[in-house]
Structures are given as C-alpha cells and as structure tokens.
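Using the hints provided, position chain B relative to the given structure of chain A.
Respectively, the protein sequence lines represent chains A and B. Using numbering that gives the first Met the number 0, the first residue of the first sequence is number 0, and each one after it goes up by one. Using numbering that gives the first Met the number 0, the first residue of the second sequence is number 0, and each one after it goes up by one.
Simulated from the structure, these hints should not be mistaken for lab results. Don't take every hint at face value.
You can't tell identical chains apart in this list, so a pair holds if it fits in one copy or across any two.
Cross-link-like lysine-lysine pairs, in silico, DSSO-like; alpha carbons within 27 Å at most [what the hints assert, rightly or not]:
| no. | residue 1 | residue 2 |
| --- | --- | --- |
| 1 | 262 | 160 |
| 2 | 268 | 160 |
| 3 | 374 | 160 |
| 4 | 356 | 374 |
| 5 | 377 | 38 |
| 6 | 245 | 268 |
| 7 | 38 | 114 |
| 8 | 245 | 262 |
| 9 | 114 | 32 |
| 10 | 268 | 114 |
| 11 | 46 | 246 |
Fair warning: this is a prediction, and the values are worked out from it, not measured in the lab.
There are 2 protein chains.
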Amino acid sequence: MVNIGIIGVGTVGASVVKILQKNRDIITARAGKEIRIVKGVVRDLAKHRDIDIPLTTDPYEVTDDPNIDIVVELMGGVEEAYKIVRRALENKKAVVTANKALLAYHRYDLKELAKDLPFEFEASVAGGIPIIKALREGLSANHIEAIRGIMNGTCNYILTKMANEGASFDEVLAEAQRLGYAEADPTFDIEGFDAAHKLLILASIAYGIDAKPEDILIEGITKIDKLDFEFAEEFGYAIKLLTIAKKRGNEVELRVHPTLIQKSEMIAKVDGVMNGVSVIGDAVGETMYYGPGAGGDATASAVISNIIDIARGGKCSPMLGFKKPLESGMHLAPKESITSKYYLRLVVDDRPGILAKIASIFGEEAISIESMLQKPAKEGLANLLLSTHTTQEAAIQKALSALQTQEFLKQAPVMIRIET
Amino acid sequence: MVNIGIIGVGTVGASVVKILQKNRDIITARAGKEIRIVKGVVRDLAKHRDIDIPLTTDPYEVTDDPNIDIVVELMGGVEEAYKIVRRALENKKAVVTANKALLAYHRYDLKELAKDLPFEFEASVAGGIPIIKALREGLSANHIEAIRGIMNGTCNYILTKMANEGASFDEVLAEAQRLGYAEADPTFDIEGFDAAHKLLILASIAYGIDAKPEDILIEGITKIDKLDFEFAEEFGYAIKLLTIAKKRGNEVELRVHPTLIQKSEMIAKVDGVMNGVSVIGDAVGETMYYGPGAGGDATASAVISNIIDIARGGKCSPMLGFKKPLESGMHLAPKESITSKYYLRLVVDDRPGILAKIASIFGEEAISIESMLQKPAKEGLANLLLSTHTTQEAAIQKALSALQTQEFLKQAPVMIRIET
Numbered sequence: 000m001v002n003i004g005i006i007g008v009g010t011v012g013a014s015v016v017k018i019l020q021k022n023r024d025i026i027t028a029r030a031g032k033e034i035r036i037v038k039g040v041v042r043d044l045a046k047h048r049d050i051d052i053p054l055t056t057d058p059y060e061v062t063d064d065p066n067i068d069i070v071v072e073l074m075g076g077v078e079e080a081y082k083i084v085r086r087a088l089e090n091k092k093a094v095v096t097a098n099k100a101l102l103a104y105h106r107y108d109l110k111e112l113a114k115d116l117p118f119e120f121e122a123s124v125a126g127g128i129p130i131i132k133a134l135r136e137g138l139s140a141n142h143i144e145a146i147r148g149i150m151n152g153t154c155n156y157i158l159t160k161m162a163n164e165g166a167s168f169d170e171v172l173a174e175a176q177r178l179g180y181a182e183a184d185p186t187f188d189i190e191g192f193d194a195a196h197k198l199l200i201l202a203s204i205a206y207g208i209d210a211k212p213e214d215i216l217i218e219g220i221t222k223i224d225k226l227d228f229e230f231a232e233e234f235g236y237a238i239k240l241l242t243i244a245k246k247r248g249n250e251v252e253l254r255v256h257p258t259l260i261q262k263s264e265m266i267a268k269v270d271g272v273m274n275g276v277s278v279i280g281d282a283v284g285e286t287m288y289y290g291p292g293a294g295g296d297a298t299a300s301a302v303i304s305n306i307i308d309i310a311r312g313g314k315c316s317p318m319l320g321f322k323k324p325l326e327s328g329m330h331l332a333p334k335e336s337i338t339s340k341y342y343l344r345l346v347v348d349d350r351p352g353i354l355a356k357i358a359s360i361f362g363e364e365a366i367s368i369e370s371m372l373q374k375p376a377k378e379g380l381a382n383l384l385l386s387t388h389t390t391q392e393a394a395i396q397k398a399l400s401a402l403q404t405q406e407f408l409k410q411a412p413v414m415i416r417i418e419t
Numbered sequence: 000m001v002n003i004g005i006i007g008v009g010t011v012g013a014s015v016v017k018i019l020q021k022n023r024d025i026i027t028a029r030a031g032k033e034i035r036i037v038k039g040v041v042r043d044l045a046k047h048r049d050i051d052i053p054l055t056t057d058p059y060e061v062t063d064d065p066n067i068d069i070v071v072e073l074m075g076g077v078e079e080a081y082k083i084v085r086r087a088l089e090n091k092k093a094v095v096t097a098n099k100a101l102l103a104y105h106r107y108d109l110k111e112l113a114k115d116l117p118f119e120f121e122a123s124v125a126g127g128i129p130i131i132k133a134l135r136e137g138l139s140a141n142h143i144e145a146i147r148g149i150m151n152g153t154c155n156y157i158l159t160k161m162a163n164e165g166a167s168f169d170e171v172l173a174e175a176q177r178l179g180y181a182e183a184d185p186t187f188d189i190e191g192f193d194a195a196h197k198l199l200i201l202a203s204i205a206y207g208i209d210a211k212p213e214d215i216l217i218e219g220i221t222k223i224d225k226l227d228f229e230f231a232e233e234f235g236y237a238i239k240l241l242t243i244a245k246k247r248g249n250e251v252e253l254r255v256h257p258t259l260i261q262k263s264e265m266i267a268k269v270d271g272v273m274n275g276v277s278v279i280g281d282a283v284g285e286t287m288y289y290g291p292g293a294g295g296d297a298t299a300s301a302v303i304s305n306i307i308d309i310a311r312g313g314k315c316s317p318m319l320g321f322k323k324p325l326e327s328g329m330h331l332a333p334k335e336s337i338t339s340k341y342y343l344r345l346v347v348d349d350r351p352g353i354l355a356k357i358a359s360i361f362g363e364e365a366i367s368i369e370s371m372l373q374k375p376a377k378e379g380l381a382n383l384l385l386s387t388h389t390t391q392e393a394a395i396q397k398a399l400s401a402l403q404t405q406e407f408l409k410q411a412p413v414m415i416r417i418e419t
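If we strip away everything but chain A, and leave its shape as in the complex, we get (with noise of 0.2 Å):
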C-alpha cells in the first residue's frame, strides 16, 4: 500500500482522483501495490466537487502526516507551492508535481533538498506526453543538439486557425476563449511564458543548465498576421510558436518565438492544441512525441505514472537527469549570438528608392536577402515581406532599429526567426 495526498484538488487533480479509482485493477497490477489516497487539500470546502475523499484546507495536514508516503502537488503558483514542497521533502516524502512554474524558479534547490528522495514532474512539460521520462531517460546516451517544441496548445491551435483559415489574432483567440483553450487573461500563454518554462526543465535535463526565464529570449504570437501565413504559405513553410534549444559547443540557446518551420517536418505537422516535442540526439537522431499537452485526464495520466513509478520502488533517475554536472559544464549563450535565417515584414511607403535604402541598411550589417514578396498596402502603401539568410541576431536588431528611424516605415517592423 502507497498512501498519498494531493495538493490542489482542481481540474487536474479531480482526474487523479477520479482514474486512480476507475482504472485500480491496472494501476495496482502495474504498481505491485495498492494506491490509496489519504486526502486532498482545496481552498474552499463548501464547493461542489464529484469526487469522494477526505478532504481540509490546510496543506501541512498532507505535508506533516506521518501516513502518507507521497505529496502530489498541484496546486500550481510558485511561492507558496515552493515552501509547501520543501516541507515536503523536510519531512521526507517522495514529491509529485505538475508545477512548471515551481520547477523554471526552484528545480536546482528543489533537487538539492530532495537529494535521494523521489521528485517527479512528468506533467510539468507537455501534459500526457511522457517526455521528460523520453529525454531523460530514453535518451540518456545522446549528447543533444536540438530540441523543438510545440508545448504551448493555447498558441498551437490559435495559429493553426490562422493558417487554415486566413482569420485574424483578434478573432481566433476570441473563438479559442469561448471554447476554453484559452485563458480568459491569456498572456502567460500568448506570450510565450508557459512554452519557456517548459523548455527550461527540458534544457536542465539535455544540458544541466539552470537558466531563468528572465535569462532567456521569450516572444509571443500576438504579432502575426494573416500577411506572414501568406508569405509562409507561399515559401512552403509553417508558423509555429517553437520552444528551441541548440547546442553549440559548450553554449546553448534557449528561445520561444513564433518560427517559420518547413512543412515537411515532422514538428510542422503538429496542429491544434495538440503538443509536440523533436528531439535531436547525436547517437539516436531526430524522435518526435506527440500528444494532448493539457487537459485534466491526460495531465493526470502523467501525474499517476509518476506514482506508479515510486511505488514499484524504483528511483531510476537522478531528477534533473544527471547525478553530477558534467565538468565540461554547457552555459547559455548570450541572447546576441543567437544565429537564424529571418523574415521581416515592413509596411513602408510605396514610392521609388525605399528598396535601395532598405538594402544599404541591411548591406551595413552585412545581412543578404533571400527572398522578398511585395504585397499592396492601402492608400499608397507597401507590405515588404523579405527572409534573410542565415546571420546573427545582433545584426538583425541594429538593421531593424535603424529601419525605425526612417520616415518611410509606416509600422513597426515584424520580425519572424525562420528554423532551417
């Protein structure tokens, strides 16, 4: 017998509850032992809940009691969940999370203060999709060279209705709102927030980073336009928002950003609030995993295969992966040196010789242009859309604030990293 209790008893941890009970006979047979949960901690007792546990107020009735074996936390946030969790481990119990913004914050003094005690975040990254147990675990023999991410469904299926539809940012995310996929506040989705979470607890389990999301590039989709699908579909590519990591040498660049990735990638055709994540191994290759990235079921799929794995009594892995960092320690390369291929899209006046300016400003950076489309604008203006070919992301943001200062731009340039 395993004896747990749950922290957060919302739609997440509703379904833990809910297939802890209707799938018992696998779970046990799986586990070797029975899963019993002890309690659940809610905010509020007097809502109505459609599930049948004991239930209080007060985390440290689960995080104290000498009963329960593991502490599953899912009650998100990361101050008070950080202080609930190290209670946790104080008093010795295996922890389970789903908390991605827990884990970009603390994951390194969590671990140290877990030491040999299991800690486990399947769900963190991805929701169903086991990817954290994949990289790992699975392919713990690979140096990685790449990781790309579609692990955001609110943006997946905000810009696949784009792309499909030819409709605006404004009227998808409205739809996505009344359907529930996105947030009634939905910037920390938008804006790339969530994805760079996720991409940080991927980034310590490939290359042992302990990064921030302060210290990495995060940009949102709320940019694009109907305009950049026309310039994507044109050129053969798809627009994403892509969680990346590269490894250069001992550097890694870490970024979230809206992306023009080729159709016939794999990652490509990963569409509506489906998740996917490609992994690039040096021994292995390219695995891609694909699978519903939230939701209270399959969240809880993750969640539950975490306790089973404590409860067979195994501890298979160190928690971030490694159980001493490497000497030839990986650091995060500066946001500067990043180096991709770009699209930018100006509206400019549609007049002669702002091509030629356009050029020399670029030709001062030593950027080439690849490709350009012009598109009419109204009332005597242009859409230039343009892609560049590869070159670093310090000289595309000094052409893109000398394009500022020209009258002839009529908005504020966009500028999409394209992933080759």
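Coordinates of chain B only, in the frame set by chain A:
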C-alpha cells in the same frame, strides 16, 4: 564502475562500443558511474573491426565472467541466444537485449527466470524510439485502448515510394535492396514477421498477453499494386503496414497487415524508413512516438539507455510491465472475430451482370458496400476497387472464398483492411 560484456559485435554492437567511448563524459555524468566494456564476443576473430576492445568467440566467457555486471545480447536468432541469455540470468547478471525474435518466443520464460534481475530490451521495438519505456512507465495509468505502429522501415520505405512515385512493388524492392534498406532475402520484413515480433512485445506490456507469432494475423505487403494507391489517393488514404492492437472488453485483437488509413492521422504521416507508434490510452488519449527504427547508432542509443538505467541502480519497472497478471486477464481475440472495414480489388470480365453477382455474394454475408471505383484493365477486363462498411473478418473471408469460385474473376482478389 559498471562492467559489461557484449555478445555480438556487428553493426549495432560496434555502435554501442563507439558511442560508449565518444559520449563517455555525458554517459558517466548521467549514470553516475563509468561504464566499462570488459569483453566482446564475435564469430570470426580474423575479421577487421574498427573497435578496440578485447574479443573472444566464446559467449560463455562473458556470461560466466564474475567481473561482468551486465550482459548485452546483440547476436540475434532465437534458440542459441535463449541458451546464452538463460545462462547469464542463472549467473545473476543483468541483461540488455535488442533481440525481438528471442522475446517474441521466450519473453515469459525469461521473465520467470529473471525475477528481480534487471532485464531490459528497449532496442527490440522501433530501434531508437523509447517506446517500451513510454508504454511501460509513461502510460502506466492507462488502459491501452489501441496501438497502431509503423515498425518496419523496409516496408514503410517501399510503400512510401510506391505512393509518391507510382512505382511497382518489385521496382521499389530492388531499389531498397540496392540502398541497403532491404535484405537480400527480404521475406522476414516484407511478409510482416519482423513487425509482428515487435507487436507481441508491446502487447505483453500493454495487456499481459502471452501470444506467439503463429497465434496472430500476419499479412505482408507483396500483393499491393499501383492501382491500390490510386484508390487510396481518391479516398484520402495512405497505405501503411500497420501493427495493430485493439482492446475490446477482455479481448485484444493483434494483427499486422497492410492498412488503408486516413492521411490526416499523425501515424499516416510517418514516411520513408522512419518508424512511428501511436498509442491510445483511456486517460491520456492519443500519443505518438516517431523516430528511426533501425540503424546501428539509433539502436545503440536504446541499448545504452538501458545500460545507463541499470547503472543508475534503479529498477523502475517489472520486465513486462506488470508485477503480477491482472485477475481479469486479457485474452487474444480469435482472428475470425476481428471487425474492420475492407477494401477489395477484383479483376473481372468487363461484361453486364458481373456487378449484380458480386453484390449478391456480399449480400449473402450481410456485407454492405461503401464506395466503388471501376478502372479499365486490358483485354476486356475491368478492375473493381471497392470498400465495405464495418464487417467481421469471418464474413469477408467467406465472401472472398465464394468469389474465387466464380468464372468471371480473373485473378486472386486483393483485400486490404481499412483502419478507422
């Protein structure tokens, strides 16, 4: 320090040696221990190899060496490998194998013998894709409703080429043999046996079913014709050799056969020599795993991940997923009870009254037709391409038998199941 011996140093074995050396830094950091190769076993000591480890021709020098902790079996074949692996287990060695044929026949007796000794076999299914780990550990909270796999790269390469280039089976097979994607004797791959071995391993983990290759429906891809791809194209299907497991109550259908599947499904997008496995769980929904199913380095990636897991000192999972069988044990469904939609290609005399006769034969088995295409054939013949609504395998087999006695049928009918 963990000491291993490798029995069979061919393509995969040599990759294991090479990657353990090349990635020593990261592998040691992840395993927490150095992994040392004590000895390799080969058939022919005189053959030149690009590896620098002590070699012998006697496998028992490895199985009986008190300094060796893990025996890595990469020799292939069934009965000789079985003897050697048994000996390793009797000597209390952990075992890692990539040998699917061995497991297709002997996984339950080896499980019995292994007891609590680590016995891992990630590389036996879908090469570098960590599908065993995903299914056994990542999805352990789920009743598995279905598995649909593309697990033979040779077949997938041939079918993808036939689809894209309108080439014939024989032409593409010859090309695959030139490129090294098909063996000189390709029977084992193109007749579906290789994929069937892998399916049986997954079926044990998902359902605890102890079936052998001869117990399940296995059909190869040799009868597929260009015309079948024309029908597929017309109705939005891809043709893939799928390994299918489907749960129906306490019964499980296990089958390997060419399959028409809607192009919009993720598994239908797996092209060329790549593998993919889609798993549907009752909690998580569909997840899919994609990557290289063969090749020395990709397969070695999986082998080494198992070695690292064992070195890490944990034993997270029982060998075949269950600590003890379910009391509501699952059974293999009889072949005749399979239900599916079916596609048929009939070469018939091109004269009035034939369609009525065919319709009456189907009518007698209560099979209803969903769609039909007629294509001209040479010399007064016609190709009838038709698909049925869902019906039972037994009914379609009776109808096929009845058709074969008709004088208007000019060639054995071709039947392909349709996956919905």
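Hints and how they fare:
1. 262 - 160: both (15 Å within a copy, 19 Å between copies)
2. 268 - 160: Answer is both: 13 Å inside a copy and 20 Å across each meet the 27 Å cutoff.
3. 374 - 160: within (22 Å within a copy, 38 Å between copies)
4. 356 - 374: Within one copy, since 18 Å is at most 27 Å while 60 Å is not.
5. 377 - 38: Answer is neither; intra-copy 63 Å and inter-copy 75 Å both fail.
6. 245 - 268: both (21 Å within a copy, 25 Å between copies)
7. 38 - 114: within (26 Å within a copy, 35 Å between copies)
8. 245 - 262: within (20 Å within a copy, 31 Å between copies)
9. 114 - 32: Answer is both; intra-copy 24 Å and inter-copy 17 Å each pass.
10. 268 - 114: So residue 268 and residue 114 fail the 27 Å test inside a copy (40 Å) and across (43 Å) alike.
11. 46 - 246: neither (48 Å within a copy, 37 Å between copies)
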